[in-house]
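*Asks:* Given only the sequences and the hints, what does the whole structure look like? Please build it.
Chain by chain, the residues:
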Amino acid sequence: MIGSAQDPEQAPVSREEVEQVALLCRLEIDDGEARELAAQMSAVLSHAAALLSLDTSGVDPTAHPLPLVNVLRTDEVRESLAQGDVLSQAPDVEAGRFRVPPVRRRQPEEP
Amino acid sequence: MSAYGSERQRRREGGARDYEGFECVVGLEVHCELLTATKLFCGCKNAFGDEPNTNTCPVCLGLPGSLPVLNGHAVELAMRIGLALNCTVQPSIFHRKNYFYPDMPKDYQISQYDIPINTDGYLDLPSGARVGIVRAHIEEDTGKTTHSGGGGRIHDAMYSLVDYNRAGVPLVEIVSEPDIRSGEQAREYVSELRAVLVAVGASDGRMEEGSLRVDANVSVRRPGEPFGTRCEIKNLNSLRSLGRAVDYETRRQVDLLVSGGAVAQETRHWDEQAGHTVVMRSKEEAEDYRYFPEPDLVPLAPDAAWQERISRAMAPLPAGRRRALLDSVGAEGPAMVERVATVVAQDLDGYVMAAVDAGAPGALALSRAANELAAACAEDASLLDALEPGHFASLVAMEARGDLTATQAKAVLAEMLTSGEPPEAIASRKGFEALDPGSLRRAVEEVVAANSAEWERYKEGEAKMAQFFVGQVMKATRQKADGKAVMALLADLLRGSAGAP
Amino acid sequence: MAKTIEAIVAGVRSGEIDPVALVDQHLKLIEENEPSTNAFITVLADHARQKAGEIASRVAAGDPVGRLAGVPVAVKDNLCLRGAPTTCASRILEHWHPPYDATVLSRLLAEDAIIVGKTNMDEFAMGSSTEHSARGPTHNPRDMTRVPGGSSGGSAAAVAARFAQAALGSDTGGSIRQPAAFCGVVGLKPTYGLVSRYGLVAFASSLDQVGPLAGSVADAALLLEIIAGHDHMDSTSLDAPAPRLAGQAADSAEGLSIGIVRELSDGADPEVKRRLDEAAESLERAGARVESCSIPEVSYALPAYYLLAPAEASSNLARYDGVRYGLRVNAADTPTMNARTRSVGFGAEVKRRIMLGTYALRAGYYDAYYGQAQRVRTLLIRAFDAAYERYDALLSPTAPTTAFRLKERVEDPIAMYLSDVCTIPSNLAGHPAISVPFGTGEAGMPVGVQVMAPALAEAVMVRVATILEQAAP
Ligand SMILES: [Zn+2]
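Protein chains in written order, with my numbering: chain Z, 1 to 111; chain S, 1 to 501; chain R, 1 to 473.
In short, the hints are calculated from the structure, not lab data. Just so it is clear, the structure is predicted and the values come from calculations on it, not from any experiment. The beta carbon of each residue, even a glycine, is placed where N, CA and C say it ideally should be. Check each hint, because a few of them may be wrong.
Listed below are several chain R residues computed to face chain S (Cβ distance under 7 angstroms; list not exhaustive) [claimed, not checked]: (1) G199; (2) S235; (3) E312; (4) A318; (5) Y365; (6) D367.
Only pairs whose alpha carbons sit at most 16 angstroms apart, straight line, appear in this in silico EDC-like list of lysine to aspartate or glutamate [what the hints assert, rightly or not]: (7) K144/S - E51/S; (8) K273/R - E442/R; (9) K144/S - E94/Z; (10) K45/S - E33/Z; (11) K45/S - D75/Z; (12) K45/S - E79/Z; (13) K234/S - D271/S.
*Replies:* Structure (structure tokens):
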């Protein structure tokens, strides 16, 4: 049901897309990894080709195998964690808060 | 800069202002923190101002393995908002909005996307304009990031600190149609929306604490033309900021277009101190949120019975209260509409209704409520606690009968607010009893006689002398005289002396 | 044959079995064989001895003890246990100690089970061989040169090596059943929603289920009874009582109708197929009507899974960003810190799936990939529904092959993914399935036969599995 590795020339995933996607999901990848990922992702997607071309018009998507609706909680306060327990696992803490480097991307310095 | 903020010639037409032949087009996104005891998906307290990271648990910290469970009361409040905004309340689902930011514990926000709980409603403003509501959906709030070093500004910060107490607090985001046409109308919309949210018990309405947060989408066009490119303005923490930011942004865009430039689609930050907007990010930097249905939650399907129950339990809304008040006082015209709006906004309509029910004239009751009570309320809302509607009704009736002059009525009312006593007791203690017409006429004649020089000037047409005589008569009658009656007698005497040979 | 849980608990309650001695016996086996097996990430020797001591003194005092009193159990390292590290076999969670217990572990502990350790796995449960672990691969106790399967390979190996009486694993695409088959033990994936996911570190939320691995169908059934049932902390938990499974008679398959799914059997190794045929014959002998059937839609399950599961995973794993817990690799700004942390903290397979999932969810691609896979999921469920109008249960191999050799497939993701081809359809449908050991195949390695049933039909499934277990060569 699943064919052999496909022609890289027809790879549906380009290097550029791989780099774009890596940016979205916050992964640093080098050239070698990008090339390898492009090939591997292309291979998986080409195996899904038959699926992608299947006619599913009029078919509702299944987000979930369960028929449940309206699962609700009453608005009652439950005990929170102690601040110490919350912060004890953190890589960096200051004044009861989680400390992180500047949230904006630093532009690389001009040479 | 300041030229942008200055008031220009304005055309009052459905709130639209003319900016050199352009009109501004505004759509607002209002985030309302819901007044629940707990967060949207966990039992942590929904509270403002607590020690950082004390109202947090595995769920709202996004710890591995934790799962969200939806707060039923938050859903109910969202439905109240939908019903109050004339929306269709429909079955809905939750999505994940994926993007990285340190104040978002899971690095996705659980929100409603293409199938929100409330769609397609409207809000009627006191001025008569109708603003369409695209949707009002449920989502979770983020934590709070404080930027340290570099003067606390995000761009220059050395590092940032994150508090997750607010993470997971329930929000309803209310998205308007681009039906708003001026900064002033934007303020009117948010002010009315806030009144509605408070009335249905969904919000405490505190903009300064971030309970209500507004983003504005602003574009400009020549009337009748298609919409222009819009900019989204963030950081609007007060009605004042909102009005100023919309006006500023409109001017900025009009000036760009007039000078041959073009508006770029971008997100801009309102700097309240500097009084201008600065660019935050351009369209090219826009995130790809990779929405997909939240697999950890199941659909919401509010049935008709549930909606019916909520709708029955809902308090009357400001617009309905204004209509009812207007009907009951039987008043018309813009001044009355404004008084009615003030009275309802301050929650004083109950007093006016009580006076009208007791047979007092509505216009007078409205006037006392819109002026004296509203002023007292603005000073200290707790002053109203002592005032019984029945006492207010008696006071208005006494004034209407002429038992008290306007001045006396105001004095009695002021004391009623502090002591809670009935007006009759206060009036008699103060020795306020009405002058009979004969004594008043005598008092006026004596004052005129004793001030002949002033009377001559009054006769010569010096109108301001009327105030002098009213003051003198008040003094002579120890404030018992009615100012209007004195004016009428003065006019009478004037006619009599002019007609004399 | 080894003792059942029922026999152990009866022994502990009567005082015939000393829980401390029993635990020591298991810990000794672990000490001797674990270095070469590598079934555990953390062995909780002290905790286990202490807990056993408590149970012993309660028994001595005549106090009641639970339905798992003194039973040594191993749990997969993606289940949160307060006070012990929960790493998911990832560098990114190397030192993370959850401040809370997974619901399934609370339920085990409430019945006085003794948790002897947290088992090795493919990182974040992504894999089919337990080779994608930051702590090195687990070896198959039946042949140390082979993989135990995955991703619950550590749990399967721990049961096969008698490090524990039973274990918990998680199953997103076959991660309980396939390693159970490879190691020659029983593995059960319950109906989606029957067992709480609270405290199970998520891989693909709409597919993940916790389930038992054990030496016998009866032990697996008892464990399921204990961990199943509604949990208010999990919105997707079914509001249904736990099924009564233990101790039901299974001497006859009279009246049962069973279909062998051709699409899941045709591609299997000849020896695996032969065992499946024998299994079918044994059911016929027990009185069932058995026939071959075709469900063409199951062929779409594997590609649909490889769009859905990575998409959900890409979102579930976003939170490992170096801000609140776990690894941080510092950088000049937060976005770079996030990326550097994740690149160092995640292994190659996890990165591959995050990338694939992110790719499939992008604006403009969502409908073609994720949306289409969800619609195909609907088609698959409909096809199963139709099949279950004719059959009480369906039969297939658990995996197309027996356990392969270490490193054989680790560099070839597609070949690795193929070993889940028979198990994935049940995950997509949310249906229960169980793998029962049924003889051996190539090189004497165990073969697993899979019994699938409609939602909440665990009782029928267990009945069929018990017959197979009794008939197994
Ligand atoms: Zn919480």
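*Asks:* A separate judgement is required for each hint: does it hold in the structure or not?
*Replies:* Hints and how they fare:
no. : hint            : verdict
1   : G199            : 4 angstroms, holds
2   : S235            : 5 angstroms, holds
3   : E312            : 6 angstroms, holds
4   : A318            : 4 angstroms, holds
5   : Y365            : 9 angstroms, violated
6   : D367            : 11 angstroms, violated
7   : K144/S - E51/S  : 12 angstroms, holds
8   : K273/R - E442/R : 11 angstroms, holds
9   : K144/S - E94/Z  : 14 angstroms, holds
10  : K45/S - E33/Z   : 45 angstroms, violated
11  : K45/S - D75/Z   : 10 angstroms, holds
12  : K45/S - E79/Z   : 8 angstroms, holds
13  : K234/S - D271/S : 9 angstroms, holds
The structure does not agree with the numbered hints 5, 6, 10 stated previously, though it agrees with the rest.
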